[in-house]
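Produce the entire structure from the sequences given, and follow the hints as far as they go.
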Amino acid sequence: MSWLEHSHRRVVRRGCAGGEEHTASGDLIVGGTDTSSVTIEWAMSELLRNPAALTKATEELDRVIGRERLVTEGGIPSLPYLEAIVKETMHAPTPSDVSMDGYDVPTGTLVFVNVWAIGRDPAVWGHAAEEFRPERFVGSSLDVKGQDFELLPFGSGRRICPGIGLGLKMVQVILANLVHGFSWKLPDGLANEKLSMEEKFGLSVQRMVPLEAVAEPRLPAHVYAGP
Numbered sequence: 010m011s012w013l014e015h016s017h018r019r020v021v022r023r024g025c026a027g028g029e030e031h032t033a034s035g036d037l038i039v040g041g042t043d044t045s046s047v048t049i050e051w052a053m054s055e056l057l058r059n060p061a062a063l064t065k066a067t068e069e070l071d072r073v074i075g076r077e078r079l080v081t082e083g084g085i086p087s088l089p090y091l092e093a094i095v096k097e098t099m100h101a102p103t104p105s106d107v108s109m110d111g112y113d114v115p116t117g118t119l120v121f122v123n124v125w126a127i128g129r130d131p132a133v134w135g136h137a138a139e140e141f142r143p144e145r146f147v148g149s150s151l152d153v154k155g156q157d158f159e160l161l162p163f164g165s166g167r168r169i170c171p172g173i174g175l176g177l178k179m180v181q182v183i184l185a186n187l188v189h190g191f192s193w194k195l196p197d198g199l200a201n202e203k204l205s206m207e208e209k210f211g212l213s214v215q216r217m218v219p220l221e222a223v224a225e226p227r228l229p230a231h232v233y234a235g236p
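Residues in the sequence shown are numbered from 10 upward in steps of one, following the numbering used here.
What the hints contain is simulated information worked out from the structure, not anything from laboratory work. Built from N, CA and C at the ideal position, the CB exists for glycine as well. Just to be clear, a hint being listed does not mean it is correct.
What the hints assert, rightly or not - Here are the simulated distance ranges between beta carbons:
| hint | residue 1 | residue 2 | range |
| --- | --- | --- | --- |
| 1 | Pro89 | Gly174 | 15 to 21 Å |
| 2 | Ala234 | Val147 | 30 to 36 Å |
| 3 | Ala234 | Arg72 | 50 to 56 Å |
| 4 | Met206 | Asp113 | 33 to 39 Å |
| 5 | Ala230 | Gly117 | 55 to 61 Å |
| 6 | Asp71 | Arg167 | 41 to 47 Å |
| 7 | Val122 | Gly148 | 23 to 29 Å |
| 8 | Lys154 | Met206 | 45 to 51 Å |
| 9 | Gly135 | Arg76 | 49 to 55 Å |
| 10 | Ala230 | Leu151 | 37 to 43 Å |
| 11 | Asp71 | Gly174 | 37 to 43 Å |
| 12 | Glu225 | Gly148 | 18 to 24 Å |
| 13 | Asp71 | Thr118 | 30 to 36 Å |
| 14 | Ser192 | Gly148 | 42 to 48 Å |
Unchecked claim - Straight-line alpha carbon distances no greater than 25 Å define the calculated DSS-like cross-link-like pairs of lysine-lysine that follow:
| hint | residue 1 | residue 2 |
| --- | --- | --- |
| 15 | Lys96 | Lys209 |
| 16 | Lys209 | Lys194 |
| 17 | Lys203 | Lys65 |
| 18 | Lys209 | Lys65 |
| 19 | Lys65 | Lys96 |
| 20 | Lys96 | Lys203 |
Now the structure itself:
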């Protein structure tokens, strides 16, 4: 059973009686690592809080992928707005341990680069540094692969995350299919602007309260069945 087929069995189903079930979005992530699922949960939170961005992403997916298939890894390079959403979400990733020259740091000390603060620095990102704006990455050469120090979700240099390739692909493909495969809204009539974005700090910056959302399949039923 594919991850999306498994997800389809767990998301809200609106039957003839109009009944709904709610599920934490994290439950939709099958086989992902902790940091990948955290990134996807934040991305979905931002999209639910910013309906215009969610609509723009959905329109791109419909235009490029169409409604008769799911998104595969090969389709990601043709989805620049989806890629921009992933980069924008990675403003608050997991810290990285590094060695630093010029500082009296005792041997064996674990040093964390505050990439969360870098991603919100107005000197780098302008006055709208804390706003969710995927457009800032559309047409930009900035990447997350360790060469641009403004954006270091995976670290850089010798100690860059060894799982960068797999992790990035997982986030992109899973997020693309969540947006493409389902229509999303917040439960109980919660207004978008009222969605809590409170953070809980640790080795990864997680949501203080897990995201809950209502999803409805938006593609033909045969698409979810897979090959």
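Hint check results:
1. Pro89 x Gly174: 15 to 21 Å: 19 Å, holds
2. Ala234 x Val147: 30 to 36 Å: 34 Å Cβ-Cβ, so the 30 to 36 Å window holds.
3. Ala234 x Arg72: 50 to 56 Å: Taking Cβ atoms as reference, Ala234 and Arg72 lie about 24 Å apart, which means the hint is violated.
4. Met206 x Asp113: 33 to 39 Å: 37 Å, holds
5. Ala230 x Gly117: 55 to 61 Å: Holds - the Cβ-Cβ distance for Ala230 and Gly117, about 57 Å, lies within 55 to 61 Å.
6. Asp71 x Arg167: 41 to 47 Å: Since the Cβ atoms of Asp71 and Arg167 sit about 42 Å apart, the hinted range of 41 to 47 Å holds.
7. Val122 x Gly148: 23 to 29 Å: The hint (23 to 29 Å, Cβ to Cβ) holds, given that Val122 and Gly148 are roughly 27 Å apart.
8. Lys154 x Met206: 45 to 51 Å: 27 Å, violated
9. Gly135 x Arg76: 49 to 55 Å: 37 Å, violated
10. Ala230 x Leu151: 37 to 43 Å: 40 Å, holds
11. Asp71 x Gly174: 37 to 43 Å: Given range 37 to 43 Å: violated, Cβ gap about 28 Å.
12. Glu225 x Gly148: 18 to 24 Å: About 33 Å separates the Cβ atoms of Glu225 and Gly148, which means 18 to 24 Å is violated.
13. Asp71 x Thr118: 30 to 36 Å: 51 Å, violated
14. Ser192 x Gly148: 42 to 48 Å: 28 Å, violated
15. Lys96 x Lys209: The given pair, whose Cα atoms are some 20 Å apart, holds under the 25 Å limit.
16. Lys209 x Lys194: 23 Å, holds
17. Lys203 x Lys65: 21 Å, holds
18. Lys209 x Lys65: The given pair, whose Cα atoms are some 29 Å apart, is violated under the 25 Å limit.
19. Lys65 x Lys96: Roughly 16 Å separates the two Cα atoms, so the pair holds.
20. Lys96 x Lys203: 24 Å, holds
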